Every structure is written in structure tokens, then in C-alpha cells.
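Here is what each chain is made of, one letter per residue.
2 protein chains.
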Amino acid sequence: MNRLYHYPLSPFCRKVRLSLAEKKIEVELVEERYWEKDPDFLRRNPAGKVPVLKMGNRTMADSTAICEYLEDAHPTPALLPATPEGRYEMRRLVAWFDDKFNAEVTTKLMGERVFRKVMGTGYPDSTNVKAGAKAIKYHIDYMTWLLDQRRWLAGDQMSLADFAAAAHLSCLDYISDVDWNRSEVVKDWYAKIKSRPAFRSILADQVPGFPQPAHYADLDF
Amino acid sequence: MNRLYHYPLSPFCRKVRLSLAEKKIEVELVEERYWEKDPDFLRRNPAGKVPVLKMGNRTMADSTAICEYLEDAHPTPALLPATPEGRYEMRRLVAWFDDKFNAEVTTKLMGERVFRKVMGTGYPDSTNVKAGAKAIKYHIDYMTWLLDQRRWLAGDQMSLADFAAAAHLSCLDYISDVDWNRSEVVKDWYAKIKSRPAFRSILADQVPGFPQPAHYADLDF
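As they're listed, the protein sequences go chains A and B.
Just so you know, the UniProt record's numbering puts 103 at position 103 of the first sequence, and the rest follows in order with no gaps.
Just so you know, the UniProt record's numbering puts 120 at position 120 of the second sequence, and the rest follows in order with no gaps.
Where hints are given, some of them may not hold.
As the list makes no split between identical chains, a pair holds if one copy fits it or if it spans any two.
Unchecked claim - Calculated cross-link-like contacts (lysine to any residue; reagent style SDA-like; alpha-carbon spacing at most 25 Å):
hint, residue 1, residue 2
1, Lys37, Lys187
2, Lys192, Ala214
3, Lys54, Gln212
4, Lys130, Val27
5, Lys137, Phe210
6, Lys130, Asp220
7, Lys134, Asp156
8, Lys100, Gly48
9, Lys137, Arg151
10, Lys187, His74
11, Lys100, Trp35
12, Lys137, Glu31
13, Lys54, Arg43
14, Lys134, Ala73
15, Lys100, Met55
16, Lys24, Ile140
17, Lys37, Asp188
18, Lys54, Pro39
19, Lys130, Asp72
20, Lys192, Val118
21, Lys54, Ala131
22, Lys23, Arg200
23, Lys23, Asp125
24, Lys192, Arg33
25, Lys24, Ser183
26, Lys54, Thr121
Please keep in mind that the hints were generated in silico from the structure rather than gathered at the bench.
The structure displayed is predicted, hence computed values, not measured ones.
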């Protein structure tokens with residue numbers, strides 16, 4: 001049985017979960033409190049991070065390397081665009097969300113509001129929370145600009161770029177930090193992704209100490 | 001004419017420069033002091049970082065997305081391994097160097113010793129410098145472990161993983177922060193890369209205020 005070591009509110013794990021589910025690859029989800037640095041877990045991934053995917057006798061780390069591997073080894077349905085230019089744009093956007101959005105928004109909001117409590121590293125830093133709340137607006141505006149020209153973030157086809165973005169936004173939505181009224185096109189785009197069967201497991205996530213808000217799993221949010 | 005907006009001591013730019021040179025794609029190098037946030041430059045890349053590659057009428061950002069594009073659109077010589085498993089390992093290692101090595105070593109040493117001076121953001125923080133000097137040892141040991149089993153970092157073929165690693169190490173070598181005596185296999189591996197024609201432009205780099213040390217461009221270091 002394939003196994004994914006993950007943490008429910010990790011956008012990097014969610015990106016991989018979406019990709020696996022879209023390709024109908026079954027995995028057992030194993031929750032890993034990776035910051036506790038369990039020696040067994042560190043043996044599986046010396047980088048000490050989730051996700052870690054065990055498929056057969058292979059153990060793989062790094063969400064982007066895993067998603068590219070899944071495209072390579074399980075190409076249907078394709079989550080990579082068909083042209084080199086399309087694939088470039090997709091990879092640029094995956095990096096945009098996983099690097100820039102993550103640093104400017106996710107770590108500032110999730111990191112302060114959730115991970116400090118879960119990891120026991122003190123109270124949220126309100127300067128970071130404010131900076132994250134401000135930065136998410138610009139990112140939603142950037143997505144609006146992209147989606148005004150395209151059906152999906154990287155082009156006319158759903159791709160890993162959409163999954164990367166939805167992975168971050170869905171984590172933030174779990175703590176009610178996304179203002180869906182800011183952009184109709186972004187809300188419509190998220191509604192399309194949210195209603196996919198691949199999204200169900202993410203909508204079922206529950207984190208102790210952080211009850212799921214009512215709108216989170218509602219397809220008519 | 002293709003144009004690469006870069007900064008000489010940026011490992012991300014060096015990775016792209018190596019890839020372009022190995023594929024014999026000529027580019028004009030344009031030095032970009034990206035932290036000064038010139039509006040023209042921000043228009044080319046809203047993420048505000050180098051490298052930015054202009055090829056024909058396309059402008060591309062993000063070093064990994066650019067390198068993957070070059071493999072896609074200019075596949076010869078291949079810097080991607082031939083199998084999905086090989087490509088996974090290569091991508092894992094590129095992320096290892098560009099994320100983990102960068103955070104633990106490059107930003108701690110280059111960031112403090114060079115960029116603070118160049119950007120005018122104060123004196124080096126000695127705690128960071130010490131942490132970086134300690135972390136590079138573990139990373140060289142990890143490379144030794146890999147190279148004891150393989151000719152190149154990701155397998156039997158030179159790949160983008162080697163270029164990512166060499167890009168970081170060559171920047172650190174410019175400020176004499178690599179102890180080549182720590183590992184013979186790592187030194188041999190670096191000597192092989194360093195002697196490639198693709199490396200010449202990197203060995204010719206000069207940064208005002210930081211004279212090139214004698215061993216830096218010496219193939220017999």
C-alpha cells in the first residue's frame with residue numbers, strides 16, 4: 001500500500017494529495033508531526049519535512065519533485081500543460097505559490113495562528129499576521145489578473161499550478177483567512193476546484209484545537 | 001539576442017548560466033542589482049528576483065522553471081536523467097541545494113559576508129556566519145555519501161543537480177568559504193565541473209569590493 005506522511009494543514013502535502021487523488025492513486029495518509037523530529041521519520045527524509053511518499057520500495061520527498069515524478073510515471077490525467085511554454089508557465093506559478101506566496105502569506109498567517117500553538121512556540125506575532133493579511137490581497141489581485149485572461153491559472157487546462165494555489169488557499173480558508181468577496185473570478189475558480197472529487201479528503205481534514213468553520217467544506221460558500 | 005538579467009554571485013543565476021552554456025545557447029549577461037527594485041526590472045519579473053531570461057519575445061523567471069524549460073525546448077545535451085526515477089532524484093537534489101543548502105549555508109555566509117555590504121544593510125551577523133560555517137560541513141559530508149555511490153550527484157550522468165550544487169559552492173568558493181580538504185570525492189567532483197567550458201564565464205566573474213581569490217579560477221586548486 002502506498003503511504004503519504006503528511007500534516008493536514010501543510011499546503012505542500014495538500015498539493016501532492018490533490019495530484020495523487022486526481023490520478024486515482026490510492027494512499028494511506030499517515031499524520032506526521034515532523035517538527036518533533038522522530039528518528040524513524042528523519043531516516044525516511046533527511047530534510048525532515050513533509051510530504052514523504054512511500055510507493056512500493058521507493059521513498060520520495062519534496063513536493064515538487066514528487067508531483068513531477070507522478071506526471072512522469074503516471075501521466076494520465078495530465079496535470080502538465082502540453083507545450084514547453086505552457087509547462088514553463090505552470091512551473092513558474094508553482095514556484096510563485098510555494099516560494100513567494102508561502103513566505104509572504106502562508107507562513108505569516110498559518111505559521112503564526114496555527115503552527116505556534118501546535119508546535120508550542122509561543123503566541124502569534126501580530127506584525128507577521130498583519131503583513132500576511134495585507135499580502136494575501138495582492139496575491140488574490142494577481143490571481144484575478146491571471147484568471148481574467150485564462151480559464152485556469154497557467155492556461156486553458158487545469159494544472160499543478162492550480163493545485164499549488166488551491167493547496168495554500170484551502171489551508172488559509174480553514175482558519176477563515178481568505179476574503180472570497182475580494183474577487184469573483186478567484187472565488188469561481190476555487191469553487192470549481194473545491195467541487196472535484198480529488199478535493200474531498202482535504203475538505204474532511206480536522207485539526208484538534210482548530211474546529212473546521214462552516215463555510216470550509218461547503219461547496220456553496 | 002537572448003539576454004540574462006543576473007547577479008554574479010547569485011547561485012540561482014549561475015545554475016541557469018551553466019545550463020545555457022552547456023547547451024551552447026548564447027546570451028548577453030546584464031547585471032541587475034535586483035534589490036534596488038528598478039521599475040523596469042519589476043515589470044520584467046513581478047517576483048523581483050534574478051535570474052530573468054529574455055529569449056525572443058518570451059521573458060522567463062524562476063531558475064528551476066527556466067532550467068526545465070531549457071530541457072523541454074533545447075533537449076540536447078540532456079541535463080535531465082533518462083528515467084522517471086532518475087529525474088525524481090535530480091529534482092529532489094536541485095530542491096535540496098536551492099532550498100535547504102541555500103537557507104542553511106548560502107544565505108548565512110554569502111548573505112552576511114557579501115550581500116550586507118553590497119546592499120548596505122549593516123555588518124555581518126556572526127551567529128549566522130558561524131551557523132553557516134557549521135552547516136556546510138554536514139552538506140559536504142552528505143555530498144560525499146552520495147558521490148561514494150555515484151559518479152555524479154543524481155546518478156551516473158551529469159545533471160541539473162550537479163549544476164545546482166556547483167552554483168552554490170562556486171559562489172561560496174569566491175569568498176573562500178569552502179574547505180576542499182574535507183572531502184576528496186567532493187573536490188574531484190568539483191574539479192570535473194570546474195574544468196568544463198560551460199564554467200568559464202563563472203570563473204571570470206569579478207565583484208567590486210570582493211577581489212577574486214587566487215584558487216577560485218585555478219583548475220588545479
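Okay, the hints, checked on the actual structure:
1. Taking the closest pair of Cα atoms, Lys37 and Lys187 never come within 25 Å of each other, the shortest separation being 37 Å inside a single copy and 31 Å across copies.
2. In the homo-oligomer, the alpha carbons of Lys192 and Ala214 lie at most 25 Å apart inside one protomer (19 Å), although the nearest pairing across protomers, at 59 Å, exceeds that limit.
3. Taking the shortest alpha-carbon separations for Lys54 and Gln212, neither the intra-copy value of 29 Å nor the inter-copy value of 46 Å comes in at or below 25 Å.
4. In the homo-oligomer, the alpha carbons of Lys130 and Val27 never lie at most 25 Å apart, since the shortest distance is 37 Å inside one protomer and 42 Å across protomers.
5. Only within a single protomer do Lys137 and Phe210 lie at most 25 Å apart by alpha-carbon distance; the minimum there is 24 Å, versus 40 Å between protomers.
6. In this assembly of identical chains, Lys130 and Asp220 lie within 25 Å of each other by CA distance neither inside one copy nor across copies; the values are 28 Å within and 53 Å between.
7. Taking the closest pair of Cα atoms, Lys134 and Asp156 never come within 25 Å of each other, the shortest separation being 29 Å inside a single copy and 47 Å across copies.
8. In this assembly of identical chains, the alpha carbons of Lys100 and Gly48 lie at most 25 Å apart whether taken from the same copy (21 Å) or from different copies (10 Å).
9. Taking the shortest alpha-carbon separations for Lys137 and Arg151, only the intra-copy value of 21 Å comes in at or below 25 Å, while the best inter-copy value is 48 Å.
10. For the identical chains of this complex, Lys187 and His74 are neighbours neither inside a copy (30 Å) nor across copies (38 Å), given an alpha-carbon limit of 25 Å.
11. In the homo-oligomer, the alpha carbons of Lys100 and Trp35 lie at most 25 Å apart both inside one protomer (22 Å) and across protomers (15 Å), since each shortest distance falls under that limit.
12. When the C-alpha separation of Lys137 and Glu31 is checked against a cutoff of 25 Å, the pair qualifies neither within a copy, at 31 Å, nor between copies, at 32 Å.
13. Proximity of Lys54 to Arg43 under the C-alpha cut-off of 25 Å is restricted to the intra-copy arrangement: shortest distance 13 Å within a copy versus 42 Å between copies.
14. For the homomeric pair Lys134 and Ala73, neither the shortest alpha-carbon distance inside one copy (40 Å) nor that between copies (38 Å) is at most 25 Å.
15. Taking identical chains as interchangeable, the C-alpha atoms of Lys100 and Met55 lie at most 25 Å apart only when they sit on different chains, with a minimum of 24 Å there against 30 Å within one chain.
16. Neither within a single protomer nor between protomers do Lys24 and Ile140 lie at most 25 Å apart by alpha-carbon distance, with minima of 30 Å and 39 Å respectively.
17. For the homomeric pair Lys37 and Asp188, neither the shortest alpha-carbon distance inside one copy (39 Å) nor that between copies (34 Å) is at most 25 Å.
18. In this assembly of identical chains, the alpha carbons of Lys54 and Pro39 lie at most 25 Å apart only when taken from the same copy (17 Å versus 46 Å across copies).
19. In this assembly of identical chains, the alpha carbons of Lys130 and Asp72 never lie at most 25 Å apart, being 40 Å within a copy and 41 Å across copies at closest.
20. Within a single copy, Lys192 and Val118 get their C-alpha atoms no closer than 31 Å, and across copies no closer than 47 Å, so neither meets the 25 Å cut-off.
21. Proximity of Lys54 and Ala131 under a CA criterion of 25 Å is satisfied in neither setting, with 37 Å inside one chain copy and 32 Å between copies.
22. Proximity of Lys23 and Arg200 under a CA criterion of 25 Å is satisfied intra-copy only: 14 Å inside one chain copy versus 44 Å between copies.
23. In this assembly of identical chains, Lys23 and Asp125 lie within 25 Å of each other by CA distance neither inside one copy nor across copies; the values are 39 Å within and 47 Å between.
24. When the C-alpha separation of Lys192 and Arg33 is checked against a cutoff of 25 Å, the pair qualifies neither within a copy, at 31 Å, nor between copies, at 41 Å.
25. With identical chains, the CA atoms of Lys24 and Ser183 are never at most 25 Å apart, being 31 Å at best within one copy and 45 Å at best between copies.
26. When the C-alpha separation of Lys54 and Thr121 is checked against a cutoff of 25 Å, the pair qualifies neither within a copy, at 30 Å, nor between copies, at 44 Å.
The structure is inconsistent with the numbered hints 1, 3, 4, 6, 7, 10, 12, 14, 16, 17, 19, 20, 21, 23, 24, 25, 26, although it conforms to all the rest.
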